[in-house]
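Engineer: Line order of the protein sequences matches chains A and H. For reference, each letter of the first sequence is one residue, going 1 to 228 in the UniProt record's numbering. For reference, each letter of the second sequence is one residue, going 1 to 471 in the UniProt record's numbering.
FYI, nobody ran anything at the bench for these hints, they're computed from the structure. Treat the hints with care, as some may be off.
Straight-line C-alpha distance at most 27 Å; calculated DSSO-like pairs for lysine-lysine [as the list claims (entries may be wrong)]:
no. : chain 1 : residue 1 : chain 2 : residue 2
1   : A       : Lys79     : A       : Lys61
2   : H       : Lys247    : A       : Lys19
3   : A       : Lys185    : H       : Lys247
4   : A       : Lys174    : H       : Lys338
5   : A       : Lys205    : A       : Lys19
6   : A       : Lys19     : A       : Lys97
7   : A       : Lys205    : H       : Lys247
Examples of chain A residues lying across from chain H (beta carbon under 7 Å, computed) [what the hints assert, rightly or not]:
no. : residue
8   : Tyr70
9   : Val131
10  : Leu193
Glycine residues also receive a C-beta, built at the ideal position from the N, C-alpha and C atoms.
If you want the building blocks of each chain, they are given just below.
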Amino acid sequence: MSDYGSEGGGRVKGLTIVKPIVYGSIARYFGKKREEDGHTHQWNVYVKPYRNEDMSTYVKKIHFKLHESYANQNRIVTKPPYEVTETGWGEFEIVIKIYFIDPTERPVTLYQFLRLFQSQANIMLGNKNVVSEFYDELIFHEPTSMMQQLLSSSRQLTLGAWKHETDFVDKEEKTLSAILAAKSKIRQEIAELNDKLKVSKEALKVLKDEISKAEAEGEEGKDAGIKT
Amino acid sequence: MTSADVREILEIELPEQQPVTKESLFSDDKKQKVFKKEKTFKKPQGMHREVWGLLFTDPRDAPPLLPSDTSTGYKQAKAKIGRSRVRPWKWMPFHNPARKDGAVFYHWRRMVDEGKDYAFSRFNKQVPVPTYSDLEYQQHLHDENWTREETDHLFGLCRRFDLRFIIIKDRYDRERYPDRTVEDLKERYYHISNVLAKMRALPGPEAKLFMFDADHDRRRKLQLEKLYNRTQEDVEEEETLMQELRKIEQRKREREKKAQDLQKLISAADNSDRRLQKKQPKKHMVAHKLSKGGATVTSGEASTTPDTTGIKFPEFKTSGVTLRSHRMKLPTSLGQKKSKAIEQLLEELGIEQSPMPTEEVATHFNDVRCDMVLLYELKLAHANCEFEVQTLKHRLEALVPGRLASLNLPASAAATTTPSTSGEAGGDSPGKTRKISEIIDVVGNAEHPSRKRRAALEQRDIMKKLKGNKS
Chain A
1 MSDYGSEGGG RVKGLTIVKP IVYGSIARYF GKKREEDGHT HQWNVYVKPY
51 RNEDMSTYVK KIHFKLHESY ANQNRIVTKP PYEVTETGWG EFEIVIKIYF
101 IDPTERPVTL YQFLRLFQSQ ANIMLGNKNV VSEFYDELIF HEPTSMMQQL
151 LSSSRQLTLG AWKHETDFVD KEEKTLSAIL AAKSKIRQEI AELNDKLKVS
201 KEALKVLKDE ISKAEAEGEE GKDAGIKT
Chain H
1 MTSADVREIL EIELPEQQPV TKESLFSDDK KQKVFKKEKT FKKPQGMHRE
51 VWGLLFTDPR DAPPLLPSDT STGYKQAKAK IGRSRVRPWK WMPFHNPARK
101 DGAVFYHWRR MVDEGKDYAF SRFNKQVPVP TYSDLEYQQH LHDENWTREE
151 TDHLFGLCRR FDLRFIIIKD RYDRERYPDR TVEDLKERYY HISNVLAKMR
201 ALPGPEAKLF MFDADHDRRR KLQLEKLYNR TQEDVEEEET LMQELRKIEQ
251 RKREREKKAQ DLQKLISAAD NSDRRLQKKQ PKKHMVAHKL SKGGATVTSG
301 EASTTPDTTG IKFPEFKTSG VTLRSHRMKL PTSLGQKKSK AIEQLLEELG
351 IEQSPMPTEE VATHFNDVRC DMVLLYELKL AHANCEFEVQ TLKHRLEALV
401 PGRLASLNLP ASAAATTTPS TSGEAGGDSP GKTRKISEII DVVGNAEHPS
451 RKRRAALEQR DIMKKLKGNK S
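Isolated chain A, as found in the complex:
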């Protein structure tokens, strides 16, 4: 381990490290409205790494900013699991800010809309929980050597299985295939339109020539008329 220096060492040029993460919220209906405060749902907002690893090697803390009606609306979590569990009655946006061990790296902000109420599809499927989960990737571009060390030396967090609510592998496949199909279709359309455009331009040119010819003839006729 070399000496890191005052700023954790210089930045490693040309290096990019990608850390995929998953964040989201799960909510569950009590079944009734609680008398004392009118809360109807219990919910949990979280940030997890996509793979089974310990994020605290490079994450200093994660700050969840809740709605102002909550006491202590700023919830800070310093070690995994990075989540906040609460009860409530309404949906709102939660601001998630991830702070890194390296002080020179700026914190990253995510926005999670807390979903409590069931969609039609959900009701039909008979799901008890309302899940709103998203995949994203933290891209560390040219991290300091200290950061690089921390990012590379990740250990497994748990010994058990590591899963998410959504099957991201499947989702990725589907998304990618749809996008690629769309791409080829649009490219095709572009080529066709391009050809049509060329045809139109040709026609335009021909017409312009004809018109200028016709106008010239008209002029000659007019001049001839005057002279006589």
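Dock chain H against chain A, hints included.
Structural biologist: Using the frame of chain A, we list chain H on its own:
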């Protein structure tokens, strides 16, 4: 009791002392400032206030350079009848050198002025009309349209009427000579004048030549006459036509510019298409090496043409932490219409508005959106082109009826869309693959759920009109 008081009581006159002032009591050594009494000019009696104000208002102003004597004048004084000797006047003849006939007239004049010429004759200024000798005429001034007599007549009139060409034209002898316009007369006169001036020019300063362009003048007068004879309706019509013209020209310029950009775009798109098609067969997962990620990132940055002409996505070259989803964000500079078009296309193609941001997905998603924008712009350009073609066709018909049919126009794009439009209008038969481009409604602007149908219907209407025109 002071002496002053005593004196006051006794009313003894004494040289006036300065009254006690505060300054005199309180000032120690300061010299007392005595304000000089300013000299003011008194307004002379009888003069009105405003008139006096013209001359002199503020005592502080500088006096006029030539102080005038204002004591006299403006006073309604009695007429000064001088006592000096009366000057005798006499009824006498006088000679006016300005006259050519030598007529002698009589008037009252002072004896002193006897024998002098008429004083006002010096005002008889003549316009210098050049004269020419026979030789000069034969050598230089000969002209086919003008006979010698006519030229002489013209010059005589010029002298008589002091080069007032309007009058000269009026007095021109129409019986003997052909009818000449003012421009003709002027032309002849100035031509001769210039030739003579050049000939006789003394070495030294150049002779002053008259510039007269007869043609220009004729056109100018014709135009002025037309302008003068315009009616109110004409004026309004002209105004509206001018505005329309400006608008049309502006739109045309914009369209042309866009079409130009598009051609470049298209060629760029073709290039990028070929380049990316090589990458597609390779498949890699998210957990794959960074080097590959680095390669695709740099290649994305290197190909600037598709990016800048399509959509400029925020590129992150700075060191620091970012989210993949940031790279998929649409820039705000895109504009509402294009964003809407992209949204609709994504929906139609079954893609989420913000799909799962893995590296590959992000790249392809951005590319697809670039292509969508390109498609939109192409469609726009095509529609404009078609519109222009239509207008030109109508114009040609108006100019030369029947010429249009004889032309071998390349099969216009409107014709080629018939199979697809009839499929559209016929109730969206599931077997036919619908054209993506028709979803983008370029022609209409109203928000309508059945927009796809409308676009197809519009095309059909245009087709019908075309067919109606041709037959």
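Engineer: Now tell me if each hint is right for this structure.
Structural biologist: Comparing the hints with the structure gives:
1. Proposed proximity of Lys79 (chain A) and Lys61 (chain A) is supported: the alpha carbons are some 7 Å apart, at most 27 Å.
2. For the hint linking Lys247 (chain H) to Lys19 (chain A), the alpha-carbon distance of about 55 Å lies beyond 27 Å, and the restraint is violated.
3. Simply put, Lys185 (chain A) and Lys247 (chain H) have alpha-carbon atoms about 37 Å apart, too far for the 27 Å limit, and the pair is violated.
4. Distance restraint check for Lys174 (chain A) and Lys338 (chain H): the Cα-Cα separation of roughly 26 Å lies within the 27 Å cut-off, and the hinted pair is therefore satisfied.
5. Under the criterion of a C-alpha separation no larger than 27 Å, the hint pairing Lys205 (chain A) with Lys19 (chain A) is inconsistent with the structure, at around 56 Å.
6. For the proposed pair Lys19 (chain A) and Lys97 (chain A), the alpha carbon gap of about 16 Å is at most 27 Å, so the pair holds.
7. With a C-alpha separation of about 22 Å, the suggested pair Lys205 (chain A) and Lys247 (chain H) falls inside the 27 Å cut-off, and the hint holds.
8. Hint status for Tyr70 (chain A): violated, given a least beta-carbon distance of 25 Å to chain H, over 7 Å.
9. Checking Val131 (chain A) against chain H by beta carbon gives a least distance of about 15 Å; that is not within 7 Å, so the hint is violated.
10. Interface restraint check: Leu193 (chain A) against chain H, minimum CB-CB distance 5 Å, threshold 7 Å, status holds.
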